[in-house]
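Work the whole structure out from these sequences, hints included.
Protein chains in written order, with our numbering: chain V, 32 to 413; chain Z, 10 to 319; chain W, 14 to 271.
Just so you know, these hints were derived from the structure itself, not from any lab. Quantities reported herein were computed from a predicted structural model and do not represent experimental measurements. Mixed in with the good hints there might be a few duds.
Lysine-lysine pairs mimicking DSS-like chemistry, simulated, CA-CA at most 30 Å apart [to be verified]:
1) Lys262(V) x Lys234(W)
2) Lys217(V) x Lys234(W)
3) Lys234(W) x Lys307(V)
Stretch-level coverage of chain Z by chain W, calculated; a stretch enters the list once three of its residues show a Cβ under 8 Å from a Cβ in chain W [unchecked claim]:
4) 33 to 42
5) 45 to 59
6) 138 to 152
7) 271 to 278
Glycine is no exception: its CB is placed at the ideal position from the N, C-alpha and C atoms.
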Amino acid sequence: MSAGAVLPVGVLPGSTRRVQSRNSGLGALQGLALALVLSMLPLLQAQAADVLRLFNWNNYISQDTLDRFEGVCHCRVLQDYYSDNEEMLAKLAAGATGYDIIVPTGNAVETLIRQEALRPLDRKQLPHFGNLNPDFLKAFFDPGNRYSVPYAYTITLLGYNQTRLDALGLPHDTWALLFEPRYLEKLKGRVTVLDSPRELMAAALRYLGYSANDRDETHWARARDLIIRAKPYWASFSNSSYIKELTLGNIWLAHGYSNDMFVAAQDAQKAGRAFKVGFSTPKEGAVLALDSMVLHKSGPRPDLALRFIDFMLDGHNSAELTNLIGSGNPNAAAMQYITPDIANNRAIFPDSDGVRRLEMLRDLDRLQRRVLNRMWVEIKLR
Amino acid sequence: MRDFQTSGGLLRALHPATLTRWLVSGPPTAFMLLFFLAPSLIMVLASFRFPGAFGGLAPLIGAGRAGEDTGLTLENYQFFFSDWLYAEIFVKSLVVALVSTLTCLVMAYPLALLIARSPKRHRDLMVLLVILPFASNFLIRVYALMILLGPQQALASAVNGLLALFGVAPVNLLFSTFAVIVGMVYVHLPFMVLPLYTNLEKHDPSLLDAAQDLGANGWQRFWRVTFPLSLPGIFSGSALVFIPVLGMFAIPDLLGGTRDILIGNLIKDQFLGTRDWPFGSMLSIMLTLVVLGLAGFAARLGRRDRNEET
Amino acid sequence: MRRSPLLWAVALAVYAFLYIPLVVVVLYSFNDSRLNAEWVGFTLHWYRVLLNDGEMLEAGANSLLIAFVSATFATLLGTMSGIAMHRFKLRALPLLVITPVAMPEILLGVSLLIFFVQVLNFTLGLFSVLIAHITFCVGFVAIVVRARLAGMDESIFEASRDLGASPWQTFRLITFPLILPGVIAGALMAFTLSIDDFVITFFTAGVGVHTLPLQIYSMIKIAVTPEVNAVSTLLMTLTLGMIIVASRFAPDALKGAA
Numbered sequence: 032m033s034a035g036a037v038l039p040v041g042v043l044p045g046s047t048r049r050v051q052s053r054n055s056g057l058g059a060l061q062g063l064a065l066a067l068v069l070s071m072l073p074l075l076q077a078q079a080a081d082v083l084r085l086f087n088w089n090n091y092i093s094q095d096t097l098d099r100f101e102g103v104c105h106c107r108v109l110q111d112y113y114s115d116n117e118e119m120l121a122k123l124a125a126g127a128t129g130y131d132i133i134v135p136t137g138n139a140v141e142t143l144i145r146q147e148a149l150r151p152l153d154r155k156q157l158p159h160f161g162n163l164n165p166d167f168l169k170a171f172f173d174p175g176n177r178y179s180v181p182y183a184y185t186i187t188l189l190g191y192n193q194t195r196l197d198a199l200g201l202p203h204d205t206w207a208l209l210f211e212p213r214y215l216e217k218l219k220g221r222v223t224v225l226d227s228p229r230e231l232m233a234a235a236l237r238y239l240g241y242s243a244n245d246r247d248e249t250h251w252a253r254a255r256d257l258i259i260r261a262k263p264y265w266a267s268f269s270n271s272s273y274i275k276e277l278t279l280g281n282i283w284l285a286h287g288y289s290n291d292m293f294v295a296a297q298d299a300q301k302a303g304r305a306f307k308v309g310f311s312t313p314k315e316g317a318v319l320a321l322d323s324m325v326l327h328k329s330g331p332r333p334d335l336a337l338r339f340i341d342f343m344l345d346g347h348n349s350a351e352l353t354n355l356i357g358s359g360n361p362n363a364a365a366m367q368y369i370t371p372d373i374a375n376n377r378a379i380f381p382d383s384d385g386v387r388r389l390e391m392l393r394d395l396d397r398l399q400r401r402v403l404n405r406m407w408v409e410i411k412l413r
Numbered sequence: 010m011r012d013f014q015t016s017g018g019l020l021r022a023l024h025p026a027t028l029t030r031w032l033v034s035g036p037p038t039a040f041m042l043l044f045f046l047a048p049s050l051i052m053v054l055a056s057f058r059f060p061g062a063f064g065g066l067a068p069l070i071g072a073g074r075a076g077e078d079t080g081l082t083l084e085n086y087q088f089f090f091s092d093w094l095y096a097e098i099f100v101k102s103l104v105v106a107l108v109s110t111l112t113c114l115v116m117a118y119p120l121a122l123l124i125a126r127s128p129k130r131h132r133d134l135m136v137l138l139v140i141l142p143f144a145s146n147f148l149i150r151v152y153a154l155m156i157l158l159g160p161q162q163a164l165a166s167a168v169n170g171l172l173a174l175f176g177v178a179p180v181n182l183l184f185s186t187f188a189v190i191v192g193m194v195y196v197h198l199p200f201m202v203l204p205l206y207t208n209l210e211k212h213d214p215s216l217l218d219a220a221q222d223l224g225a226n227g228w229q230r231f232w233r234v235t236f237p238l239s240l241p242g243i244f245s246g247s248a249l250v251f252i253p254v255l256g257m258f259a260i261p262d263l264l265g266g267t268r269d270i271l272i273g274n275l276i277k278d279q280f281l282g283t284r285d286w287p288f289g290s291m292l293s294i295m296l297t298l299v300v301l302g303l304a305g306f307a308a309r310l311g312r313r314d315r316n317e318e319t
Numbered sequence: 014m015r016r017s018p019l020l021w022a023v024a025l026a027v028y029a030f031l032y033i034p035l036v037v038v039v040l041y042s043f044n045d046s047r048l049n050a051e052w053v054g055f056t057l058h059w060y061r062v063l064l065n066d067g068e069m070l071e072a073g074a075n076s077l078l079i080a081f082v083s084a085t086f087a088t089l090l091g092t093m094s095g096i097a098m099h100r101f102k103l104r105a106l107p108l109l110v111i112t113p114v115a116m117p118e119i120l121l122g123v124s125l126l127i128f129f130v131q132v133l134n135f136t137l138g139l140f141s142v143l144i145a146h147i148t149f150c151v152g153f154v155a156i157v158v159r160a161r162l163a164g165m166d167e168s169i170f171e172a173s174r175d176l177g178a179s180p181w182q183t184f185r186l187i188t189f190p191l192i193l194p195g196v197i198a199g200a201l202m203a204f205t206l207s208i209d210d211f212v213i214t215f216f217t218a219g220v221g222v223h224t225l226p227l228q229i230y231s232m233i234k235i236a237v238t239p240e241v242n243a244v245s246t247l248l249m250t251l252t253l254g255m256i257i258v259a260s261r262f263a264p265d266a267l268k269g270a271a
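This is the structure we're talking about:
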């Protein structure tokens, strides 16, 4: 018995009816469509000129910088966006090609290198490489920087409505806020966490005193239980809307990225809100995400890509991103251009003590991924 | 089409009726075999295989990379059946689909009835008004609900004001199972109204007159005459709502809270999140089986219903 | 119960349920605030943003192109299927053509994703989206065309044969003109389904090609500004305008061609 069997009963009258009542409007629409398609053909052809394709995080480059680069290279920069490394890798696994540059986080760089998906860099084409702070050049995922050039970094931390938290007498700098019912009681329905298994587990693992890269399944299970216990107090899983919700005052505590929190704090200030949005790195430690520019093998224009990378290594251009979104900056030459209140913010540029408590995530193998995925389903369902 | 006639010398060898049959049914059959049946079978195959070393699927043809297993396995199914967790998601999705379908029915029935009993010249306009929101993309309609259910809006204030009167703590309308169901209903409502209306419109009003003459009151006339006659419309409308709701992932994604994960989200995550294609394929096969089972059930109900009528 | 006030009340409530959210979308497209939550003041700013948004315009052009091409092919294949299903007693074809219509969309999207990437080794993009759209639209066209044929009197075709017309002549002179309204209706349906599709496109587009629904989804998901409201308002106005124009010039069409 096929599913088709249900259809003749009802789809038929229903769907013909639907067509009949709309068709004339759409007849005209079809004519117009043709005209529009024809008129837009030149626009589509414009793509055939020099184009650099960038696969980047959303809002991760300043429009001014882009405009200047387009002017210098006489080319167009086209961007596609992702909001999660897993999503980016999944899209590449699903056959996405044609990207000259991708800006993945360390663990995803590691995966891409192991996949042999990246093109080695021609260091001769990157005269500004020396601008980089040497501290960021010995990362686990690409020790000799054969493939990757550090772009910017963020810390996964807590953003909060400072006015509310102070009024409630709550601390700012501990994951306990996110996981301990005694704090959460006062925040019920006002908390969001990242919709990312790795990030949320990392926060829970750090809070429990384990490494964010702990592979012990019993530790994972403890982290899962901690999350499930706290979940009833949370409003939603959110990877980006927390920026807006913090600004509006709907959400008082959000687990998210330092650069997003910076934007939320700025927006709240600009909108003249009666409260202040703040953010700080929990004392138990957190995840540091170092995003690097890499050349994807499928990209047709490595020449333009290298020019772009060198352009971004310029201190002034690199600082522009930091000033716009409040991301950490691995470029020593950029520091002089960065506004002091960002440069002095320890939740954006941690001091050496803070750096010791930060960890970069490592990639999981397929069995670990499946176990984590199952735990994630459990977390979502309970 | 001149070729058709001039090349007749060659084609006369075939019986013309057979030839026409092949010419007409051949191209669509070939297309659907290639782009519907073949992918479906590949998906069945994929559900018995291992993921690739870096996610996705181990290559179907030829040797994989080092450490990649290209054999067949029941591992994916074992993982599914190893405990109740995944079955629970299916049950949950079925419940959400059922509630959404019933809500649609309760809302659509009076409307369809009213349209069917309105003067002929008004009916087209009334139907058009049901369809018109369909002219906007479903994501736009979901987005509209996101605004409307947001905590700043009058609706949330009104509901929470009312709850406060009874001493109940304020609730979030958005990002909740409630929002997911409202979204499902909002997006699928016309699918319920239209088949119901097409069915109700065909009813012979003299039946109701007869019932009235026999002394049936308004409610009895509805329950004994109109409702049984409209069952085929109810079944088809329900199928048109239930099945799409079952596979939906965008609505829980955008409107759901911390508990709202449905089969669709789970499948989507396997392909665009955790890169576990074999497990995703297995889940898709399970969903297919559920839908086929339901369709068979609905068809049987419909047939029994028709037999009773005759 | 016939047309009682209760019936009217429920019906009006349902109409309100259908329209109030859309009105809110339109209203907020003129709101002078990035945040889409409370009314601040009137502005046309978001429409200017929209008209300068190259990606959005490109996505619109892609959507139209895809809808146009896939509707054309789906209509051709769907009409053939509809005729074949009506004329010949076929087992396989109805199953092949109609099952995709009845299944949740995600299943078709996912299976085509595996097929394109793993078997055909395709780069996902315009072409894979076109194939996917044709695949799920064929069934709708076939259903409409078959319904049209089913409602016809067989004796016309017999008369045509008796008068010595070849099968081709019968088709060209009798069958085709009769089913034309069904074919047109099917084509329009395919066009609408294609231009509106999100789920199947989501899986088969990779990242190479943007369509309007994909663009709207990522805006809602990642960065909501009232630009989304502006694009929604424009799209709704366009469709509404079409329907009004059509009802002016071809009122019969609105009542249904069949």
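Index of numbered hints that the structure contradicts, given in increasing order: Hints that this structure does not satisfy do not exist here, as all of them hold.
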